Amino acid sequence: MIIRMAKVEIIGPKEQLMTVLALLRGRGVFQPDPALMRAGDLASGGQTHGLVLSADEIRERLFFEELRSSMRQLVDLLPELPVPSAHLHPLPVMDVLAELVEKHIEEAERLQTQLEEQRADEAALARDLVFWETLEPMLADLPEESDLEFLGVTIHDASHLEGLKQLLQERLYGQCEISVARTAEGALVGLVATSRQMADQLRSIMTDERVPELPLPEELAGLPIPERIVALRHRVIDCQAAIETCSRNLDDLARQWLPVYRQALDWLEERLALYRATATAYETRQCFVVEGWMAADEVDGLRRQLTEKFDGQVVLEQLEIMEEELDMVPVVLHNPGYFAPFEVFSRLLPLPKYTSYDPTPFIGLFFPLLFGMILGDIGYGCLLLILAVLLVKYCTGHPLVVNLGKVLGAAALYTMLFGLLFGELFGNLGEQWFGLHPLWVDRIHAIVPMIIFAISVGVAHVLFGLALGIWTDLRRHQGREALVKLLTIVLVLLGILTLVAWLVPKPWLAVRPLLISIAVILPVLVAAGGLLAPLELLKTFGNIISYVRIMAIGLCSVLLAVVANRLGGATGDVLAGLLVAGMLHAFNLLLGVFAPTVHSLRLHYVEFFSKFLDLGGRRFEPLERNGP
Amino acid sequence: MDKALIALAAALAVGLPAIATAWAQSRIGSAGAGTLAEKPELTGTIIILVAIPETMVILGFVVAAMILMMF
Numbered sequence: 000m001i002i003r004m005a006k007v008e009i010i011g012p013k014e015q016l017m018t019v020l021a022l023l024r025g026r027g028v029f030q031p032d033p034a035l036m037r038a039g040d041l042a043s044g045g046q047t048h049g050l051v052l053s054a055d056e057i058r059e060r061l062f063f064e065e066l067r068s069s070m071r072q073l074v075d076l077l078p079e080l081p082v083p084s085a086h087l088h089p090l091p092v093m094d095v096l097a098e099l100v101e102k103h104i105e106e107a108e109r110l111q112t113q114l115e116e117q118r119a120d121e122a123a124l125a126r127d128l129v130f131w132e133t134l135e136p137m138l139a140d141l142p143e144e145s146d147l148e149f150l151g152v153t154i155h156d157a158s159h160l161e162g163l164k165q166l167l168q169e170r171l172y173g174q175c176e177i178s179v180a181r182t183a184e185g186a187l188v189g190l191v192a193t194s195r196q197m198a199d200q201l202r203s204i205m206t207d208e209r210v211p212e213l214p215l216p217e218e219l220a221g222l223p224i225p226e227r228i229v230a231l232r233h234r235v236i237d238c239q240a241a242i243e244t245c246s247r248n249l250d251d252l253a254r255q256w257l258p259v260y261r262q263a264l265d266w267l268e269e270r271l272a273l274y275r276a277t278a279t280a281y282e283t284r285q286c287f288v289v290e291g292w293m294a295a296d297e298v299d300g301l302r303r304q305l306t307e308k309f310d311g312q313v314v315l316e317q318l319e320i321m322e323e324e325l326d327m328v329p330v331v332l333h334n335p336g337y338f339a340p341f342e343v344f345s346r347l348l349p350l351p352k353y354t355s356y357d358p359t360p361f362i363g364l365f366f367p368l369l370f371g372m373i374l375g376d377i378g379y380g381c382l383l384l385i386l387a388v389l390l391v392k393y394c395t396g397h398p399l400v401v402n403l404g405k406v407l408g409a410a411a412l413y414t415m416l417f418g419l420l421f422g423e424l425f426g427n428l429g430e431q432w433f434g435l436h437p438l439w440v441d442r443i444h445a446i447v448p449m450i451i452f453a454i455s456v457g458v459a460h461v462l463f464g465l466a467l468g469i470w471t472d473l474r475r476h477q478g479r480e481a482l483v484k485l486l487t488i489v490l491v492l493l494g495i496l497t498l499v500a501w502l503v504p505k506p507w508l509a510v511r512p513l514l515i516s517i518a519v520i521l522p523v524l525v526a527a528g529g530l531l532a533p534l535e536l537l538k539t540f541g542n543i544i545s546y547v548r549i550m551a552i553g554l555c556s557v558l559l560a561v562v563a564n565r566l567g568g569a570t571g572d573v574l575a576g577l578l579v580a581g582m583l584h585a586f587n588l589l590l591g592v593f594a595p596t597v598h599s600l601r602l603h604y605v606e607f608f609s610k611f612l613d614l615g616g617r618r619f620e621p622l623e624r625n626g627p
Numbered sequence: 000m001d002k003a004l005i006a007l008a009a010a011l012a013v014g015l016p017a018i019a020t021a022w023a024q025s026r027i028g029s030a031g032a033g034t035l036a037e038k039p040e041l042t043g044t045i046i047i048l049v050a051i052p053e054t055m056v057i058l059g060f061v062v063a064a065m066i067l068m069m070f
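Here the protein sequences line up with chains A and B, keeping their order.
Those letters in the first sequence? Residues 0 to 627, per numbering that gives the first Met the number 0, in order.
Those letters in the second sequence? Residues 0 to 70, per numbering that gives the first Met the number 0, in order.
Read the hints as simulated data drawn from the structure, not as lab findings.
Do not take every clue at face value.
To be verified - Partner residues aside, some chain B positions facing chain A, computed with beta carbon under 10 Å:
hint, residue
1, A32
2, V49
3, I57
All values reported here derive from a predicted model rather than from experimental measurement.
All C-beta atoms, glycine included, are put in the ideal place defined by N, C-alpha and C.
Generate coordinates for the entire structure from the input sequences, incorporating the hints supplied.
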């Protein structure tokens, strides 16, 4: 249901404004609405005007905003460590923190830069080392003193290797040897050996052929290859040590200062939120005025708290909600007990207006009923009930899943009830094994009765929606709209009676008087609702016929179950039969959960709610901690 | 021959709306997928929108059932 709201005005001395706003934020029950003041006192030409901060307050706000920005920057720079919270009131030390924060940002930036550079170096060196370590076994067998020059290369395309070998043989007159290996990461590297005299020519060929030399820091370029590898290893170790030192320094800085800055940042956020909230306040020469909305049940508690805390200097007054303000009233939905889980479905819609209805109780009442009518099977109902119990019991950490489990539980009970009425247990298995007979109707064969039943459900549901629409219109003093809905109801009933009289002639039910009645009422409908009213009437008939889906989807479900049983039986083997039938029943159950859910919801959203629900309400967004 | 024509009529009564429904759902489904990429919170609404054209095939099914039973 929609919580009853109250329009309230809070008045007090100007110097108490921030304290009052802090109290309101702490309680989280009041939503300020400056538009109320604009619509009321200001229009009457009173002395109230929008609150203007003093020069000191503006200076303080700017100082706090700048400080918050710096502190956020610092907190982002420091590592996220699980540090204990500080027990320090930040206000007395805010000036000191303002000076310190810049130094700490500088220090943190320096350490972060160092850390990034060292990490980049280490990554590059480690990458190079992988290549050189791959070539290391090839160098192990070579004599220490030789007239050979070695060149490490990276070969990007393995298909070019043979061509490269041939080219080197030709250009270096056979004084060249190339060995290749793959790194653990799959890259192809080569070691090219040639005489010292040919080395420059070799490099020239490699450059022309765009075969890159293995990367190496410049200072290591002059070293023989085995020494290069050792030097690279040392460099990697040095980098790792430097990274560790930088990280440790950053951690130390974070451990020492993060609790203080986090505490200060929270305080600043709260303070600045209060400053933002002052934009919703108005002032006279002496007082501040805040108008807004809160749940009517909370008014007395807040009034008592304000009176106690401010010795009666701050007054809360409940004002009358004017008719033109009804669309401004924010909406809170609250549904206790059985209905609460069904809010997962009503949240799919925009919020209803304050003067409309909460759709949740209607979904709670009718959704499981329609679901049960469609699925209607004792076996499937039992399985769904077990699933619902498991969801509710074992998914306690996921409120959405628990709520869906509860909805499924209610739907499963109705499924079992209608399964009993239809005499279905996994399709016709109940009849075959246990001689189960329908208590009411066998829907496989009674197609026409089921169509009539589904349409009857539609008539009841849609006309109930129209009746609620009449009540809503009357409450909003929209007599013409109410009359149109009333005439629509009458015409629908007359139309149905005419159809019945035509199909099943009865002496007491003559077609002619009914047609005359329709002919008389139809022009009244057009006069009251305009030219579109007959179209709306046709739409209402369409809405009613749409309920035939209850029969159609239900029939598909039961026929699939029967097919599953027949196929299972046709295998001639107990195990294979159970497997085939089980799989088909599982598929049918999956469809049986999805289709009735979607179609039941659609019948609510499109056919039912369109008759009376007025959507587009404002969400209640009170001042609260961690709020805007 | 009459039976065959009745069966054909029933098949057309359910088949043509089924094709129309499939076409409408394909359009709504692709638009819905695009919407969900931007606003995942509209999942429920999109599912409902996809289900809306099914009215056609359901009514077609009813007409087909009527044809088979009345003739």
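Going through the hints against the structure:
no. : hint : result
1   : A32  : violated (17 Å)
2   : V49  : holds (8 Å)
3   : I57  : holds (5 Å)
The structure does not agree with numbered hint 1 stated previously, though it agrees with all others.
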